[in-house]
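**Q** With the hints in hand, could you dock these two chains into one complex?
These protein sequence lines map, in sequence, to chains A and B. Everything in the first sequence is counted per the numbering used here, starting at 1 for the first residue and increasing by one. Everything in the second sequence is counted per the numbering used here, starting at 1001 for the first residue and increasing by one.
You may find that some hints are simply not true.
[To be verified] Under the rule of at most 30 Å between Cα atoms (straight-line distance), these lysine-lysine pairs were calculated in the DSS-like manner:
id : chain 1 : residue 1 : chain 2 : residue 2
1  : A       : K14       : B       : K1068
2  : B       : K1068     : A       : K41
3  : A       : K20       : A       : K55
4  : A       : K20       : A       : K64
5  : A       : K66       : A       : K14
6  : A       : K14       : A       : K41
7  : B       : K1049     : B       : K1068
8  : B       : K1061     : A       : K64
9  : A       : K20       : A       : K66
[Stated by the list, open to error] From the structure, some residues in chain A lie toward chain B, with a derived Cβ separation under 7 Å:
id : residue
10 : S43
11 : T49
12 : I93
13 : P110
14 : L117
Since the hints were derived computationally from the structure, they do not count as laboratory data. Beta carbons are placed, not taken as given, at the ideal position from N, Cα and C, and that holds for glycine.
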Amino acid sequence: GAVVSQHPSRVICKSGTSVKIECRSLDFQATTMFWYRQFPKQSLMLMATSNEGSKATYEQGVEKDKFLINHASLTLSTLTVTSAHPEDSSFYICSARPGTSSTDTQYFGPGTRLTVL
Amino acid sequence: AQSVTQPDIHITVSEGASLELRCNYSYGATPYLFWYVQSPGQGLQLLLKYFSGDTLVQGIKGFEAEFKRSQSSFNLRKPSVHWSDAAEYFCAVGARAGNNRKLIWGLGTSLAVNP
Chain A
1 GAVVSQHPSR VICKSGTSVK IECRSLDFQA TTMFWYRQFP KQSLMLMATS
51 NEGSKATYEQ GVEKDKFLIN HASLTLSTLT VTSAHPEDSS FYICSARPGT
101 SSTDTQYFGP GTRLTVL
Chain B
1001 AQSVTQPDIH ITVSEGASLE LRCNYSYGAT PYLFWYVQSP GQGLQLLLKY
1051 FSGDTLVQGI KGFEAEFKRS QSSFNLRKPS VHWSDAAEYF CAVGARAGNN
1101 RKLIWGLGTS LAVNP
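The shape of chain B in the complex, shown without the other chains (with noise of 0.2 Å):
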């Protein structure tokens, strides 16, 4: 079955430290994969996605994923966080379900940044 796991459910990071997120997948074909942030009581705003190609992929906010096949992972990452990266951040795969395409979700991991 198709599912995406962020073991991490709280990560807590001073300001100007590197960060990483840790996002694991299950799912049987070349994975469509997504890291979406969510401020507080906002929607969801696309920091990057996966679909091919390089394996490393540049998002906005300075943000950077790697696709490793071997590890079903897709780690999200950042050289040296800001106190307004505080957010809920959501791993996603993309899958078929049917006649149709949805998004599966991590359960998201809470990034909390220090002075």
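The shape of chain A in the complex, shown without the other chains (with noise of 0.2 Å):
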């Protein structure tokens, strides 16, 4: 139990373009959604948090009109890097909150790994 699925799991692009990654809670509804970013060696930066139904709350830093977060359903969240440039080339995570957890345990996607030429 307590699967995420996290699509594409690897992306090229172009810069100026824009790419959407989706994050799925497979078997648990999700009222809490994270999105990481991780560079090579290091730890966790969270960028986001998404509830469902309500405007992400971004953290410190974190442009929110590049990176355009929408929790539509108790399962879904989608992270769209609008107008991506090389150094936005990242891994990026997203992981789950289930809407029965009152202890923050968090489950995560296996990633997406961005790169922008």
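**A** Dropping the structure here:
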């Protein structure tokens, strides 16, 4: 149980284009989903917290107009990197917290490797 | 301020040896504590978690961790390491941030296993 999928697993795009990454909780409902960015050999950097049906809460320094987050249902959140540039190349990981959880447990997707040329 | 410290950036052990990964936290209330493992190029897998009760918690893959409130620690242990345990290990504490709750992460410990 508690499986989270992420799609695509790998994407290469040209500078200036937009890329959408999907995060799905497959066997539970997630009222809250999280988007992280991870640089090589480093820890996770929380980008934003997404609550179903409301606007995402972005961490300080994260551009909300560049990283658009939509959490339209209890099982799906999307991250759109708009007008991507090479510096946006990174490993993006989503996680989901079950709606029944009162203990902060997050279940993670396998990640998406974004390369912007 | 809430924080998590993993003092060891990199650890190398021999296969079959015992392992202890250190984690110290700073949090004002009773913490929710987690250990996650990340294999190369993969997302994170939950190894174990502590919420309350027994301070020694058992996890998957033969791992255990002990919560010591007096030391603000939640160290991860395994009696006999396997080559497949080579990975990045992250300790985290659950924390409130405004109206949201999130995980505060340590910087991780990279584990290498010698044959």
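**Q** Now tell me, hint by hint, if it's right for this structure.
**A** Now for the hints, and whether the structure bears them out:
| no. | hint | verdict |
| --- | --- | --- |
| 1 | K14/A x K1068/B | violated (50 Å) |
| 2 | K1068/B x K41/A | holds (29 Å) |
| 3 | K20/A x K55/A | holds (17 Å) |
| 4 | K20/A x K64/A | holds (14 Å) |
| 5 | K66/A x K14/A | holds (16 Å) |
| 6 | K14/A x K41/A | holds (25 Å) |
| 7 | K1049/B x K1068/B | holds (14 Å) |
| 8 | K1061/B x K64/A | violated (39 Å) |
| 9 | K20/A x K66/A | holds (12 Å) |
| 10 | S43 | holds (5 Å) |
| 11 | T49 | holds (5 Å) |
| 12 | I93 | holds (5 Å) |
| 13 | P110 | holds (4 Å) |
| 14 | L117 | violated (20 Å) |
This entry does not satisfy hints 1, 8, 14, going by the numbered hints stated previously.
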